[in-house]
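Trainee: Line by line, the protein sequences give chains A and B. First residue of the first sequence? That's 1 in the working numbering, and the numbers climb one at a time after it. First residue of the second sequence? That's 1001 in the working numbering, and the numbers climb one at a time after it.
These are computed hints drawn from the structure, not numbers from a lab. Cβ atoms here follow ideal geometry from the backbone N, Cα and C, with glycine treated the same way. Hints may be right or wrong, so weigh each one.
Residues from chain A that keep clear of chain B, each with C-beta distances beyond 12 Å, as calculated [stated by the list, open to error]: (1) Tyr60; (2) Gln165; (3) Asn217; (4) Phe282.
Ranges between beta-carbon positions, derived for each pair [claimed, not checked]: (5) A:Gly501 / B:Ser1228: 33 to 39 Å; (6) A:Gly500 / B:Thr1216: 40 to 46 Å; (7) B:Lys1481 / A:Pro467: 49 to 55 Å; (8) B:His1491 / A:Asn308: 40 to 46 Å; (9) A:Val107 / B:His1027: 18 to 24 Å; (10) B:Lys1625 / A:Asn308: 37 to 43 Å; (11) B:Gly1167 / A:Val107: 57 to 63 Å; (12) B:His1491 / A:Ser459: 30 to 36 Å; (13) B:Ile1236 / A:His419: 17 to 23 Å; (14) A:Arg212 / B:Lys1058: 54 to 60 Å; (15) A:Pro218 / B:Lys1625: 37 to 43 Å.
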Amino acid sequence: MIPYILFQITAVPIIASVFIFLTRPRLGEKAGWIVGITLLYTTALLCMVGIRVYQGTIIYEEYPLAPAVNFNLLADGLSIPVALIMNLCCVVLAFYSIHYVGHRIEVIYGEVDKETWLMYYTRFFFLFPFFSTGFMGIAFSTNLIAMYFFMELLTIIPLYFIMAQFGYSDFIERYKVALMCLFWGIAGATLFLIGILLAYTQIDSFEISELRTLSGNPVITWIILCMLLGLFSKLAIFPLHVWMPWVHAEHPTCIAGLLAVYANIAAYVMVRVLILPLYNDFKVFGIPIMVLALVTMVYGSLLAMAQNDVKRFAACSTISQISYSVLGLSALTIWSIEGGLFFFLSHIMGKAILFSTAGILVYVTGIRDMREMGGLASRMPITATLWIMGAMMLSGLPPFSTFAAEWIMFTGIFMFGAHGPSIALIVAILGVSAVGLTIAYTFWSAKRIFFGPLKPNLSNDEIRDPPLTMCVPLLLLAVVSIILGLYPKPIMDLFHFVIGGVI
Amino acid sequence: MIAEVAWLCFLFPFAGALLSPVLARIHPKLRDYGAVFFSFLAALSSVMFIPYLFHPSKLPIESAFVWLTTPIELRVGVLIDPLSIVMANVVAVISFIIMVYSLGYMKGDPSLTRWWMWMNLFIGSMLLLVLSNNLLFLFVGWKMVGLCSYGLIGFYYRDEKKYWIGGPSPTKYCTPSHAGLKALVVTSAGDVLMLGGILIMYSYSGTLNILELYETSSIWIPEMAKSSGMILLASILLLAGPIGKSAQFPLHEWLPEAMAGPGPVSALIHAATMVKSGVYLVARFIPIFFYGYWVAGCSEASYFFILTAWVGAITAFLAATQGMVSLELKKALAFSTVSQIGYMMLALGVSGLTAPSLMGGFTSGMFHLVNHALFKACLFLCAGSVIHTAHSIYMNDMGSIRKYMPFTWIFMFIAALSLMGVPPLPGFWSKDAILVSCLEAHNYPLFLLALITVVVTSFYTLRFIGMVFHGSESKNVEKLKQKGTHLGEAHRTMVGACGVLAITIIVLGIFGLPLEHLLGEGFGYTMEKLHLPVEHATEHSMPHLLVPLLSVISVVIGIVPAYLLYISRKIDPEGMLEKYLTLKVLHKFFWNRWYIDRFYYMFFVGGMTKLFTSVPKYIENPLDKLFHKIIPSIPGRLYDGGRLILASKYGREEVEGAPEEEPVVGISIGLALLLVLFCIALYLIAMFIRGWLISP
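Only chain A is shown next, with the shape it has when bound in the complex (with noise of 0.2 Å):
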């Protein structure tokens, strides 16, 4: 087993990025591949751990940093999934940035010197690695304050970084939505770090697992709630909702992918902070998130309806979409649970394929308005047939892994709702019926960008399907999607270990 593997897979990247700051004169456009590759590598690495984990061993490192502060990383049954397809989205959208970027950098800062060009270039790939660093941060984080720390540095770095430098829209509208971004997950964070900080005062420990010995404690209500605002604000909850619309919209498409990740990662800290140590303790939350999430995902598809800027219909259908895994985790049956992080999964590939997709359209036609767009599949079938796969795994259809997990997740909800309250079972069969509002909504988008006679503003040469590295990297994700959709029992397996061992 190669050494510090989860260390490695958590900072390789960091050092991958400070390489491009010191050399980037030298690397010019080799930054974007460097990232991929770097990328690619802690995935396989991801991939060692996750055989490993499969064959029942669990992997821990210590590194600490001070009494009761440290960086120790955990890799189980839990983590390494959630770990494993988040790495694939950074992979993905890395290698899909390499010729994004350039067009983003033209789009707003014109025509410049070759020397201020790759200055911005490697500038994003710089800041890119960054993601990837959080994203394992959170999952393999064994201490409280250190997934704080990971999910302050998402916030902070690349996020409001690459808002500020590469987002839509002009100069002033770019850093206001940029320091919405921040100060929303500041917001959120800060609510959380409340919670970690009530808790700290009550168990003398930032260990998460630690946590279930605050069961039954009076202040357990209050530790909860504070975390569970700081979860909602960053899961876009109604009506926590209202930044992810600017904050998804204008943001550079191939980080609005992992924006999605970004938001729904918060599903799993949910379960790994709050629901498995505290499981009977967040009963009383359940019925009550149950129907905030409802509500969020019969809004989030209706505000999805009523938009017309194709960025941000994408970034409406993150809103319910997210909802549904947090549905399934507040059902808090075992299959719910296990169902909700599947959706999580699934969900951000298929977002990071539609939302790139409406990077693609946006790249090639210049237009973000889907009443100027129609009849584009004629042009550009490819990229028509990627957003159908978008619209397919959105709306939970075979083989696409999201089907998979919407069953498991509503099997559990229908349990909970079938034995338990009556309200329970109103809220799983709402539930169930928003997944037709889903279909309804991005099919019918599906129809007015790329259906019907091809509009005459479009009908020039230059519309057509994009390089193939940004529809490859898509189109392989698609395929691991359909690879978990046809046979999902190796990640619930993984779950299950975890999971099935505390409810």
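Following the hints, position chain B against chain A.
Mentor: Chain B only, in chain A's frame:
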């Protein structure tokens, strides 16, 4: 061995779908014949099950592998029993014939690779649906056929005017991409509810395996019945899927527009196979609910049958009336399909209304499914050929086509006779059996409605035959002749496919009764094996004589006016409408599809549009303003307020105003929110440090 064949049966078409683009790279002909070959292999595999119908004691055969162990244990595989054998053969054999027809129909289309991929994907998915041993993979097939239907209805996605359905003006048109979306959304509405029903069932039974569901029903159904209303709820949810997929009232409105797809799609998906999946699923659920009602004594289970029967009967009548006035040939056939599926649902519904009607209802429903698949596929294929030749979808643009397409006329006429229920064609046997089942269930309102529908069916059938093949040539045909357009039989593969189907209809008619008996034996054996109280219907000498007689009389009642109006043309239909106001009102009512479609567009589409346009206006924008303008502006307002107070105190008239709007959205949210949050955080950090210092 036969289990492996069952696996191959649905895997072959999937392989065909995946290989089509590869074969297209080698040679287009290889792609075309390759695709047909894979569907042939599927048909061959399914035919190999037929001997087992003669030996039902060897059934059921199941083959499965472990797909998932945690958190749900599921063994995925195939189930071969009389029901799946019948369905697999209907699907695979008709699919193969239609694939052969496609060789001619789609010749020269620039998107043929996409065509073959969708078609084979559909065949594979449909076979997966009918051969699956568990409800989950049945649902996978179910969703995938829906997706294929969407892709194939919208096959001509560029929406050129020649592919529009609907009209003529002022009646609205529908583009293929709109029709595809409509089909997907309406059927999905049923699908998601059905998933809910399946999951409720699973939450009590703990299994999704079909045989296990049957075998353990004595345990979980009484358990489920303890929760009042649960079986009724499950019944409604479970029926939503079949109602949507099989285009039954109230989710039937998608099918007429689905005719925007190419002819073979209408024949295969929207007549012969996919729309039957709802009937198949209801048949699958019958043993469960029959046990619940007649053995376990759970009265709620009876609603499953009552709902099915009434939905079927209403749909049969409602759609048939719309078929009477339709002007588009394919749409007339679509209404007919909806109506005929209604008959099948009616039969399956009455199978549980009384204990002895189980076998009669079940067998007649499934027998009608087989017959209908054959004659409706034949009708649609012939219609495709006629539309191909007449270059129009409207029947009043045709007329006297018989002399140009004699073979197509013969084949279509045979199929039409079977649709009407003229003896000794198969449609007669199965429709007769359905009517008998209604009588056996002692449900006379249902029987009467079914009988009236026979009248309407024979009227609209002879109407479309008359309008297309008889009478005088339309202006359109004359114009085509003047232009020198070839008016004649279609491509030989198309004529051949129609011919094979027509001959099969005749053969099936001749052997109709033995076949019905064979199916009854097979299904009966399965039911007995499940310990259901199978009572073979007692000999009702009276109804058995009465029903065929009534059936034939009904056919004649329908035929006579249709003959006078559309064949001999002794009466002018337009004149009749002008003369009788009631007829005119009825015509308008039926032409507007009982105003149901219009209501749906107004209520659901219009309502939803209003709803989603209101959401940003009344909720999102105010919320956005609250979080990104009002809250962040609080510090500024406080500051202004303070200045105003100071100003009033010191007697200044005016205060130099701060900017009205916050310049940077979000900055103040940091001031307002983070300040408070960080104060709390700092307090807790202080406590943490204190605790750290004090702790030993």
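Trainee: If a hint holds in the structure, say so; if it doesn't, say that too.
Mentor: Verification of the supplied hints:
no.	hint	in the structure
1	Tyr60	holds, 23 Å
2	Gln165	holds, 17 Å
3	Asn217	holds, 16 Å
4	Phe282	holds, 18 Å
5	A:Gly501 / B:Ser1228: 33 to 39 Å	holds, 37 Å
6	A:Gly500 / B:Thr1216: 40 to 46 Å	violated, 24 Å
7	B:Lys1481 / A:Pro467: 49 to 55 Å	holds, 53 Å
8	B:His1491 / A:Asn308: 40 to 46 Å	holds, 45 Å
9	A:Val107 / B:His1027: 18 to 24 Å	violated, 44 Å
10	B:Lys1625 / A:Asn308: 37 to 43 Å	violated, 20 Å
11	B:Gly1167 / A:Val107: 57 to 63 Å	violated, 45 Å
12	B:His1491 / A:Ser459: 30 to 36 Å	holds, 34 Å
13	B:Ile1236 / A:His419: 17 to 23 Å	holds, 20 Å
14	A:Arg212 / B:Lys1058: 54 to 60 Å	holds, 56 Å
15	A:Pro218 / B:Lys1625: 37 to 43 Å	holds, 38 Å
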